[in-house]
Every structure is written in structure tokens, then in C-alpha cells.
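K.L.:
Starting from the given sequences, assemble the full structure and let the hints guide the process.
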Amino acid sequence: MTMSIRKTLLSASVSLFALFAAQAVSAQEAVFVLNTSEVGAPTYNPIKANNLNKATTLIFDRMVSQAADLSYHPWLAESWEEAPDGMSWTFHLKPGVKFHNGEPFNAATIGPWLEAFKGSENAYMTEAIAKVEVVDDLTVKLVMARPEPNMLYNLSSSFMSVIEPKSYAALGDNYGVTEVYGTGPFKLESFTVGQETVLVRNDDYTWGSPLAKNAGPAHIAKITFREIAEDSTAFLELKTGGVDMLLGVPADLLSEVKKEPNLAVLTLPGQDVYYMPINVTKAPFDDIKVREAVAKAINQEEILASVFGGIGSVADTFLISALPESHVADSAKIHYDPARANALLDEAGWVMGADGVRAKDGVPLKVSLWTQSDSIFRRLTEVVQAQLKAVGVDAEITTFDSSMIRDQYKTGTQQLAVRSYDWDNADIVDWFFGADRLGYPNISMFNDPKAEELRKAAMTGSKNMAERVANFTAYHEYVLTQFPMAPIYQPVESVAYNADRLVMPEVLNASAMGSVAVMDMEVKE
Amino acid sequence: MTLPAPLRALRRPAGAPAGLWLILVILAAIAAPLLTPYAYDIQNLKSAWQPPSASHWLGTDEFGRDLLTRLIYGARTSLSVSSIAITISVLCGMTLGAAAAWFGGWFDRAVTTVVDLTWSFPEILIALILVAIIGPGTTGTMVAISVAYLAQFTRLTRAQIMTLKGETFIEAAASLGAGNGHILFRHLLPNALAPVLVSAMLATGDAIILEATLGFFGLGAQPPVPSWGGMMSAGSALVFKAPWIIIFPGLAVAITVVAINLYGDALIAELDIRARIRRAV
Amino acid sequence: MTAPMLQIEALTKRFQTGGGFLKRPRAMLAVRDVSLTIAKGEVVGVVGESGCGKSTLARLVLRLLEPTSGRVLMDGTDLTHLHPSALRAARKRMAMVFQDPYSSLDPRFSVTDVLTEPFTVQRRPLPPGQIAEMLTAVGLPPEMATSHPHQLSGGQRQRVGIARALALRPEFVVLDEPTASLDVSIQAQIIDLLAGLRDQMGLTYLFISHDLGLVRYFCDRIVVMYLGAVVEVLPTAHAKPRHPYTRALIDSGFAPDPTRRRAIAPLSGEIPSPFDLPPGCAFAGRCPRASDRCRTERPVLDATTHPTACFHPL
Amino acid sequence: MSALLELQNVSVAIGSAQLLDGVSLKLERGQTLGLVGESGSGKSLTAMAAMGLLPLIGGRVSAGSVRFDGQDLASLTDPQRRALRGRRIGFVTQNPMTALDPVQRIGAQIDVVSRLHLGLTKQAARARTLDLLTQLRIPEAAAVTEAWPHQLSGGMKQRIVIAMALAGDPELIVADEPTTALDVTVQAQIIQILAALVREKGVALLLITHDMGVVAQICDRVAVLYAGRLAEEGAVAPIFSAPQHPYTKALITCIPQEGMARGTLRGIPGAVPSARQYPSGCRFHPRCAKATAECAQQTPPLIPRGDGQAACLHLPEPAQ
Amino acid sequence: MYSYLIRRVLMLVPVFLAVSLVIFLILHFIPGDPVDNLLKVGSSPAARAEMEARYGLDQPLPVQYGIWLSRVMQGDLGTAIVARRPVSDLILQALPHSLRLGGLALLFSSVVGVGLGVLAALNRDKWPDRAIMGGVLLGSTMPSFWLGLILMLIFSVWLGWFPVSGARSASALVLPVLTIGLGGTALVARITRVAMIEASGRDFVTLLHAKGLSPLRIQLRHVLRHALIPVVTILALRIGWILGGAVTVEVVFARPGLGTLLIKSLSQHDYPVVQACLLMLAMAVMLGTLLGDILQAAMDPRVRAALA
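Heads up: the protein sequence lines correspond to chains A, C, D, Z and Y, in order. My numbering puts the first residue of the first sequence at 1, with every later residue one more than the last. My numbering puts the first residue of the second sequence at 1001, with every later residue one more than the last. My numbering puts the first residue of the third sequence at 2001, with every later residue one more than the last. My numbering puts the first residue of the fourth sequence at 3001, with every later residue one more than the last. My numbering puts the first residue of the fifth sequence at 4001, with every later residue one more than the last.
A portion of the hints provided could be inaccurate.
To be verified - So, partial list: chain Z residues that the calculated Cβ filter (under 7 Å) puts toward chain Y:
#: 1; residue: ARG3082
#: 2; residue: PRO3102
#: 3; residue: THR3134
#: 4; residue: LEU3136
FYI, nobody ran anything at the bench for these hints, they're computed from the structure. C-beta atoms are modelled at their ideal positions from N, C-alpha and C, and glycine is treated no differently.
P.N.:
Right under this line is the structure:
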């Protein structure tokens, strides 16, 4: 008996040890950590995804590439012409491009690809296209239903990554999950959702974006994208050499990164805005005075300095400051103004009580403040809570898991929340404040007739870019004056990497970390 | 005149420091506002991240709040949540366990099966699922913890009563003509009480850890109310930058739970019920 | 002989164990078809080895266990089918003293609590001075009323147990091996006490014991049980045994007299498992007089003044 | 030639409690010594002292010496003491139900003794075991060696324990209440087996019992312990016919005997004292009918009487 | 013995049914609708109905349970709603990591725990005993996530001996195994010590001494063997506990495994995945109890006899 137990234990331990065959790490391999906001993105199907991670940009190419100055450049489309009335676009495609599964990329690809958007999550991207005409093998003409000045932006967005239509049709829901084929510099080797994605180099690749020095193939042979939910864990991995690059470093960690001699930081313009949505339908926020008061109670400078270590900038509109639509009238911008906040609350009948909480008719000014469980949100929200308390608003924090909070918003019971978005186009105003999306994403429940008119003009009533900018600026400005939210902070995108391992391109001409950067990146031997 | 057992336990070698620590923690939790010049919720962002110093004995957190102050207030949350949860658990568990032992038959079998199975299930999982159902916050945590430990007290009570049912004094009472109620409430439950209460005390220690773990997942008490778990959760994000934020609450949990265990052991020895507790596990 | 105080009629108790999911239960007859009449004032002894069913019989008589069949009549009232409330009332007239004085008292009860319990249970007022009186009656100092069981010796506990049993002045007392866990010097005290109380209060005893010597000293009539059944009823304590098993029990005792040394001739063999009884006489396997008939046919008590269940009585 | 087992003025303590106080005993080869007394009198401690097993229960010999065949056990090394146990001294415990290792087969448990002490091979040890079992009249010995303890009855187990005690071919068997846990008829079997061992193998037997009947029937000498002290010691016949110590006398009359009239059994008043509160002077005096004020103060010394000795301040004059 | 085994395995059937029902029901009490996660905002009720029909969420609960159970029986755990892939794929990806971590932690706590328990028992009430039991107590009272972070801070950050997180190399297992293992070690050491001490006091041990066997041989060959019976039983019962206890540790060390999968899908209301994870853990618990019973029977003939 004893004997047999001993044997069993022995064999059990032997087989257990055999289970972990250590993975050898060779030189032209790199390990990247995805930004925490991208953790758990379930698919590499750009058409049906709400959330795509950075690896997507290496698997797929896009028709148009966007430079750091937000200008548009060729990629899979070598050139294009827009009809003067904006009712059609003609694209000339790059010859010799092949998908990972060997299928050619040509004019025949475009029709089925754009067709796939119909009824999908991202259908709005192609809404304005009436039909696709194949002119010749490498030329397509998009006939528009209405002018779409945003066409090039959409075509440069990762949601319009060019997929391989045949396998897309054949794989159905598995496309982007088990298999995925694009024309990008890397092929998907394995994908474990929430854990890691392994990409291997596409050795046939020669059609890289002109924004990169290297048109292909890439220098790095294999890239592993790890998903680490905790920023601090990710940082420790970078610090201890476990990974080579963090695709997103929260501002409060930057000072730590800078302390390490072997680590370097690459700063790109940010596309995020942190803000506080205010539910306009929930008392006391049905009173615009109270909305304005809480919006002006937020001390953006203090938050920038203390929570984000002074990195990035304050947000005073809903849009990132790089967008022209953010240039609204100064009066519409929302700044910290405690005197005004207090005055407004007094005016609205909320009288300061002895306990530092305002009250009206014996009802204390208690409101709910929702946030998500990521550490940066929790910290930011606690500061917001304290700042609201300073003007006599008692906000009670409820923390939800980041993926769960969306369901909660759909119930419409929130009053205040702290959240962020990541988008570099003005149509995000429509997305978050359009009356057709009440509940979610319009968690402010903002439904204003005048805003709707302005929105319609902005979304569909612009014939060209200049008009679109003007319309969106007006819409944006009006929304700001109604205080359905309070802007807080606008970060920069910081990428931290191990300078002993990675050589970054000297100049990075891209609006974000992605294919352009990786093409010119090298691993030190 | 003999002292009651809880006081006698204080005179044992390990029971003394353990009991004193517990008394200290409880008193500190009660008298929190008197003990510290700082408020637990007023932020002073300029003095964030300060290591332990003369003005902040345990340093400050990421909002510049005094860590010692928050630790003391955190004791309030952690101790009250876990002890209230365990109290609920004990009350329900004793009722259920006594009913199972008393009525026997299919009811007993059903209760035993369910209880044994949940008992083998890790408490943290039960608690996590329950918090997911109820929603985060103090109430959710309390309910989750009390359900997580329900199996333990049901089992224990049932085992105690099953053992006691075999004792001759129960038969003696029956031979006098005692009814079920008399036997249950005069003999069985009072005798089952001591082991259950002592286990409840030990379980309170485990519950403190469980509460901290839920807090770590951000599911416990919501800010700015401090709880030990919540503090560690916040501290975990920057463990390398300000390790004191996570180290001290962790030590508070560990020392308090050690103290509960040592004092509980002393109490068990004093009440001479070790065998009864062990047999029931 | 006066009118019977207690009549036991064909009492049988069947225990079932081990039944479970997909598992065949096993049954045993702990008490098989036992009939007995006890007259008022009589001391009847029941003797036998472990597993003979004597303790089960004691509990059946007081209806602490429900019999499988048969009945018990007390002064003509059928106890076995009495309604619970009537049974409680009937319990005033009967009582039991238990074997283990260590577990028969609730450790949380003081002596006063123990002695008050019979009155509480029967919802009768506790007469003033009753506790002290009861303690004195069983030879304990009244100061002991505040003691708890763990402060008492085994003999003292047993005295408390006796006081509790007699608190409501019962007429009939079952003594279930009241001295088995006590030292011999204490055993003698307790027996002496029980004898004295019987005389004072006119009690009727059913005395259960494994010690034939003690039973023969204390009892008027002796019932010998073997594996659940009565094999012999000795009409007087010193009647000559007729059943070979009773003979063997007597021979197994050691006389404390070195001048009367005798060769020990113990019974061979073991007591069979009660779950697996042989078809004939249960004692046949160990009996020096057993014949083929004994192994196939079960003997019954003969209807003599000295009833014996044996085909080959001595 | 020295006695086989001799306790000279042995005191035993566990922690600070002195549980056995100056006990002297002598057991010659081939003899049976009965050690009687009520619970708490120190009988089992005496057995443990004789076996050198006191450390197991946290006890120690605090004074006096235990000599086996002239050797002081205290002067031996641990291995030397172990070489005695099982080899020259066999041990039979009180409760056969718990005396056997429940997860080892019967045969192996007996074999180990002769393998360890007699250096027998596995096969030889088993042959010896079978032989012993047959001698103890255990039917189907071979099957029994393959059985597990729980498959045997109490009487059978006690015979196995006796076989284990005999396996080293000992000169002395210490039997600590070997029949207390057994049924009446089985008790007789076991006592008969032990008596036969003394008679047929010439083994000496230290028989610890509370049953004066057993002592009267099979012992050569008897020692009566009360509250950790020796009350009386001597040959069986004179002690039973004319007990010197009041306790011995009371003990004998406590047992109901054939033909005893009802009401004659009185017992000994009071209770056996616990080791924590031994009375001063003669420890029996609170229960003794003959006790005087002197008894409460003076510890009675052991005084020779006949070929034995007794410790009482009121010993009767020696009979002529 | 065989009939017992068959009976014991058959007994798992009703238990499994009960457990699966509980798991199925509990998850329907969790607020939040997974379909909301999938639907585009502003989708028509028809689209919603279609989505619900697709995942069978439009059926009455008992029907949903029946369908789910029969699929589970065929090894089809359904499709993850949020992760959009067969649940079995997710489980199969996670399971080896969990088994590796849980298995090693179990091994660690058994070996170290038994060792420490024996050492403590052999030195009962002396300083090694006190030191071991004190250390073990302290080890078991530290929240595992805290311990994990502290170990990470010391061994990965300061000393740089082990990777901080992940499961990319064998060395990444060391800290997580230690973190879970220490808690288990406390349990095992405590049970072993008590069981050894209890077994040492049994009559048959006295008799072994009386046979002249050496104390060490008695302790290691006889007493330990007895002590291992409760140890093995409790360890087997706690298999699920160790797997589940890995939940926090997996999260702290960002390791793949059932724990992280469960936490993630729980927060995403990905019912099928949560159900499958819980089912896996419940099966581990049931297999653990089964294993415990079998081991107990294998180690103790009395138990075998009682079962026959």
C-alpha cells in the first residue's frame, strides 16, 4: 500500500513537471502588452467588433493610412478621387497584394467586403455608400447615397480593416476568433481571448504603408500580445524584462517608468477623453443649473496634476483638442469655477448644510457616482467625489466591473459617472449624445430637439469636409452648453518599451501605435 | 468563584497577547474618531504617496489620506462586516442544522447533501457569485459571506446535535416525560452552543480574509469608506511605488486573524471542547 | 403474590442498519418475543452478556424505544399505544436509572437543575425543601445542590441520577446496569442505597445487569437472556439453573475465595452475530449438550414454574 | 538469585502530580502476582513503570528503582530497554478492541516481534506465529493471520494480543486488566489462557485487575494499591482468610457472593480520592471504619506481616 | 469493493443533477442580460428576439435547463456569448493551466504540510512544534492575494528570480504555487500534527512500544500511516477548494486558468462560460470526494468492511 502510494505520487509529479515545457525565446521575437482598455476584446473581426485591440492593425491593412498630423495617405489604395459633388469616390488599388490565405486583393474584394457591413455593429461606417462599381481589376468606384466627407477617416479606421471576403463568408462567427485572414504584415498564429495573441511575420509582405520606412516584410518575426488586466503587473513585467513593450502606460506610472534606465517612453497624441456624464433625466440633474454646477465643480487642473502627474492636458470640451471641431467658443468650454458652482446650487435652492452637504426641502443632495473597477478610474472617481463634496454634493460611489458597467448604464438609473472614450473623430458627439441611442451609449439620456437638428446637419447634411467641421462644431458647442457631461482630462498615448531590447523608428509618422511603427521596429540581437 | 471561560482564556500564554490585540482593535474601531487627528475621507492630494513619517505614522495613500486613520476606520468596516455576516450565518446555520438533525429523514439527507457539497466549495467562489447576484457593497458582502459560511455552521450544529442525541442525559430527559421542545431547547441547543460559538469566532477570522478578498476585487465597501481589503486593492495597483499602502492593511488582517485563532485556541482549551470541534469538521 | 404491576407481552424489537442507496439493509432482532410479568414490590433481574438485548428491553418497557410488536401494560394500561400526552402523565409512575453516570447528567446543569427537571417536565410545582430532601434521601449533603456534574465523583453522580429518577415518587424503576461503570466499593454502596430506597418507598425494580453474582444477590427473580430471547427465568435468586447457558454464566464468575479454587472450564466459541442467527437454538454453537435438534429447531420457554427454553435442560 | 521483577520504593510522577508513592513489589519467576485496587489507585502506572513505558504518557519514575532480573531499568539505554520489551517482557493491554493496529493484518503484527527480537526470517516468524495461535486454540490460524483486526471478536483479539506478548518467548507477562472490556464468558476464557501460560510455560505474570475473584482464583501473591500507595501485599491465601488492612478486607466484602443475604453488602463509604486531593496521613482514613485522629496525620509505614507486608496504623496482632 | 465503487460512482449522478440545477439557476438570478452586450444599441425588438432565440434564452427556464443539460451530457458546453467561441475551447485552454497550478500547489502543500506536521508532532510542545505551528498559522492568515503581491514584490521585483506574471515558463509557476500552497500547507500540517498526536495516544501504539519497536519506526511506519487517512481524506475533499483558491492567485499573477476565466465571464455575464467553469469546479469537488472515499477505503480496511 505504502509502496503504491509512493509510486503514484512519483509518477504524478513527473507528469506534472513534464507539462511545462519552457518556451524558448529567440531574438527576433517580441512580447507586447496590450493596453488595459483592450483586454478581453473577443474577436479580430473588425466588422462585428465594438472593441479591437492593437494586434488587429498588424493582421489587416487599410485602404488609407493616416499620418501623425491626421492627414490621409495611400496604402492599399494607391490613389483616389472624390467627385466634386461628393456623390462618388474612385479608388485605384495597389497591385500584387495577397491575403494570408493566398487569395488576391483586387477590385472584386471591395464589393463583398463593404456588403458585409450591412446590419453589422459598424454599419454606420458604410451607410452613405449606395453601391460599389468595379471599373477594372484594380479600380473601384463607390457611388454615394449622400456626400460623406468622413469617408477617408472611415477607410483609415481599423474597423474598416480589409478582410478576405471568401473566408469571411465561409467562417461565419469563427472569423476573427479561430482563424482570420487579412493582407497585413503579420498572420494570426494563436489567439486565447483574455490571455494572449501570437502573430508571425507575413514573409510575402511588400505593401506596407508609405508612412513607414520599411514596406515589408517586417523585421520582427514573431510578436506575442499579452493581455494583462492590471497596469501595475504589466509595468512590473516590463521592468523585470518579462515583456518588451507596454502599449498603454497610465500616466501615474510614467514617473516610475522614467526611473528605470533601460526603459524608454514614446509619446503619441492621445485619442482619449475622460469625462463625467450627467444623466439629464434624473433629478436633480433635470435642472440645468445643477448640471452646470457639478460640471464646474470638477477641478481639472488638480486632477491633471495629482492623478495624472501633469502628463497630458485638461479637457474642456468633449472632443480631443487635435480635432478642429473642438474649437468651440470659449464661453462654451467647461472650466473649474467653484464660485459659479456654489452660486448655481444656491440659486437652484440647494442650501449648504452644517455637515457640508447641501439640501433642498430637507432632502440632502445625495447622488450616485458610478465608475468601473480599473484602478485609474477608481482613483479618479474618488477625487471627483471629493471635489463634488467641496461644493456640497454628496456623491456615493458604486464600482462596477468595466465590462459589466455597460449593462448597468442600460438600466438608466445612474446619475453621475466617470468614464472615458477613445476616438479621434467628431462623430463621437453623435454617438454619445444622439437621441436614437438613449440608455447606451447616450448614458446622459440627452434628448434635446435643437441638438437633434444640429446633429442631423452634422451627420448627414455636410457636402464636404469644411462644412462637416462647421456643422459638428456647432453641434458640439450646443451640447456643451446643455451640460450633459463634464470634461475632465485628455491623456497622451504613452508607450513604454525596453530600450535594451527594442529599437524604435526615429520618426514615427502615425496617429497611433500600430502597423507603421511595428514595420520599422527592430529587436536587438 | 471561577471566572467565565472567555476571561480565563485571557490568562493563557498565547491567549493573553491575542486577546489584548483583539480588544485593542475593537476599542480602536469603536473610538476611531477620538484616536486620530485626521479624517478618513478628506483628500489632500499634495501629500499623497508619503512614506511612514512622524506626522503620518504609516504614511499616506494616493489621495494623501492618513493611512493609520484609514486602517483604524477600516477595522470598523472589516470587523463589523465579518462579524455581522458570521452572526447571520450562525443563526441560520444553527436553525438549519438543528432542524436537519432533529427531523432527520429526507429533510436531513437533502440538507446534508447540499451542505456537504457547498462545504467542499471554496467560500471565495460562493461569495463572488453571490456578490455578482446581489451587487457590490457592504450589504452584498455581508450576505455573501454569511451564505458562504452557512454550510460550516449547519454541519457543525447538526454534528453536535447528532452526537448529543446519543448522550444518556437526553434519554434521561425523555424518560422523565420531556417533550421534544424541552429536549431541544433545554439540552441540545445549549450544549451545542459553545462549540458553535467558538467556531463562529474562528470563522470570523476567515471572514475577515474573505471580506478583504472581496474588497480586493473591488466588491466590498465602496469608497471613500475604508475597508482593509479595499485599501489593499488600491495599494495593489502601485505596490512597488508605495508598498506601505498594501503592507499595513495586510499585516492588520494577518495579525488580527492570528490573534483570533490564538485566542480561539485558548478558549477551546479552556472550555475543553477541542474534541467536539474536531469531530465535527 | 399481588396483582401484576407490569405485564410485558410478546415484545419484539427489530433494528435495521446500513440501508442506503443501492445497499441492502441488514436487520437484527434485538429483542425477540419477550414476555414477562412483574408484581408490585418485586425486584426482577435481567442478566445476559453484551448484545443480548437487555438494555433494549429496558427501553422498550419505558417506551423510550417503539416496539416492533408486542405490548407493555402497566396496571392494565397499554403503554405501547398511549397518546404522547397520556404517556407523559404515565411517566410519572415509572423511572429509569442509567448505566453511565458520566453522560446521564447534562454537563451544563447543576444538581438543582437536574432535580428540578422532573417537576418542570411534568409541570408540577417543586415543593419547598424538596431538593435538600431528595439529596439527603440518596445520601448526599444538601450543599451539593449547587455543584455541577464535573465536580462530582462517579458514585455521587449516580446518586444524583437515582434522586432524579425518584423525584416524582414513581412506583416502578428500571435500573439499567446502574453500577457497571463504578468501582466495586461504590457499586456496593449504590446497591445498598437502592435496596434501602426500595424498602422505604415500596418500589418495584427491573434490574438489568451483566453480573450474575450481583443479580443473584439483589433480585427476587432472574430473567436470563441470550441474543434477544429469554432462555430461562430463575424463580428465585438461588434456584439451580436449568439452562446450560445460565450454568456457564455462573461458572464464568470467579469466587473471591482462594480456598474454593476450581478449574476454569470456560465456554468455547463466540457469541454469533445477531444479524446472522443460526436457525435453531442460538446457544447451540457453544453448548456442550447441543444435539442435532438444537441446531435446527428453536426451543421455547416451557410453561413450568421455572421456565427454560432448552431441549436438554440440566 | 534476584527476583524477576522488583519494584523498590517506586514513585511515579506525571508533571507535578505524584501519582504513585513508594510502591515496592516483587515477582518471582513462574509466579503470578495480582495487583488490585480501584480506579485511580495507580495500577496501570505500575504496569507502565514495569514496562519502562512511562515516558509515553509523560510520566517518570521520580524515586526508587524498577529492576528486571536484577537490572535497574533506569540504568539501561533506550535500545537496551527496547530489547527487553517484547523479548523478555510481554504486555497485554486492557482493551483488545483498540490494542491492534487496525490497518495491519493480524499475522504481520505478531510476526514483527519474533523477527525483531529472535531474528527470525519472514517465513520462520510466520511459522512461529501460526504455532502460537494454534497453542492458544485459535481455530483456522492461517486464515486469522490474513484477517484484519476489525474482523475478529473481542475475545479473539485479546488472544492475538496474548500471542504478540508470547512471540518473543518472554519470561514475564504484564497484563493490565486483560478482561475488563470483555463479556463474562469470554473473561473466563482469557483468564484460563493466562493461568495456563504460567502453569505450562513457567512464565511469570503480573496481573493487574480490580476483580478480587480473579486474584483469589489464579494468583500466588497479591498487592493491594490504594490511592497510589501500597496498602497490603502478601500471599493470596492468608490475605483472603485474614486481611490485615481494613481496605483489603472491605474490598473483599464488597463482592456479592453465593449465599450472601440481601442487605449485607454495604460497600465502602465515601469515594476514591483523586490524585489532586489525596487526604493527609493514611489516604484511606476518611473511608475507614477504624480510623482515628492519628490516621489523619501519620503516614503508616509498611510493616511486615506473615510473608507479606501491610501499611496501617491499626494492624491486628500477627496471628500465631 | 467493486460493488462499492459502482455504487459510489452512481451516487454522483443525483448529486451532479442537483449541482447542475443549482448552477443553472443561480446564474439566472444574476442581473444584467448578456444579450445586451451583443446587441447594437437601438436594435429592434425583433433583432433582440432573434439573438435570444439564437442562444435559447427565449425558452422557459425548465426547457433551457433541459436543453443545456442534454448538451452538456454530450460534451457540448455551448457557445460563449461574449467571447464568441465554443465554451469547451475556452475551458480546454484554461484547464491545463489550472490543473498544473492546482496540482503543484496540492503536491506542495501535501509534501511540505505532512513533513511539517510530522516534525511538529514528533517535537510536540517543544520549540520546533511551536515554531512550525506558529509559522503555519501566520501563513494561513495572510490573504492570498496579499501574500502573492508581497512574494511578487520580493522575488520578482527586488530579487528578479521569477517572472512577475503569466504562464510562459515553468518558473512563472513558482510564486503562484507557493502562494496557494502555503495556505494548503497550513491546513495539511495542522491536520497531520493533530492526527499524529491523536494516533500516538491510541492503545495499539502503546502496544507497539511494548513490542520493543523503535519510536521512530513506530511514528513513521505506523502512526503516520494512520494520520495520513484523515489527511488524505481532507485533502481530497479540498481539491475543489485548492482549484478555487487559485482564483485570486490567478488574477494577481495574471495567469490563464479557470479562475481568471470564471472571474472574467462572471463580470461579463457570459452565462455559458460561468456555468461551464462552475460545473468544472463542481466536478472537481465531486471527483475529490470520490477520490477521498476511495483512498480512505484503500487505506483503511475498516472502511472497506463497512462498505462491503
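K.L.:
A closest beta-carbon separation below 7 Å is what the hint needs, so does THR3134/Z meet it against chain Y?
P.N.:
violated, 21 Å
K.L.:
So, as I understand it, the hint says LEU3136/Z touches chain Y; can you test that by seeing if any CB pair is closer than 7 Å?
P.N.:
violated, 17 Å
K.L.:
Hey, does the PRO3102/Z contact hint survive, CB to chain Y under 7 Å?
P.N.:
Given a least distance of 6 Å, the restraint on PRO3102/Z holds.
K.L.:
How about ARG3082/Z: closest beta carbon in chain Y under 7 Å, or not?
P.N.:
holds, 4 Å
Comparing the model with each numbered hint stated earlier shows that hints 3, 4 do not hold.
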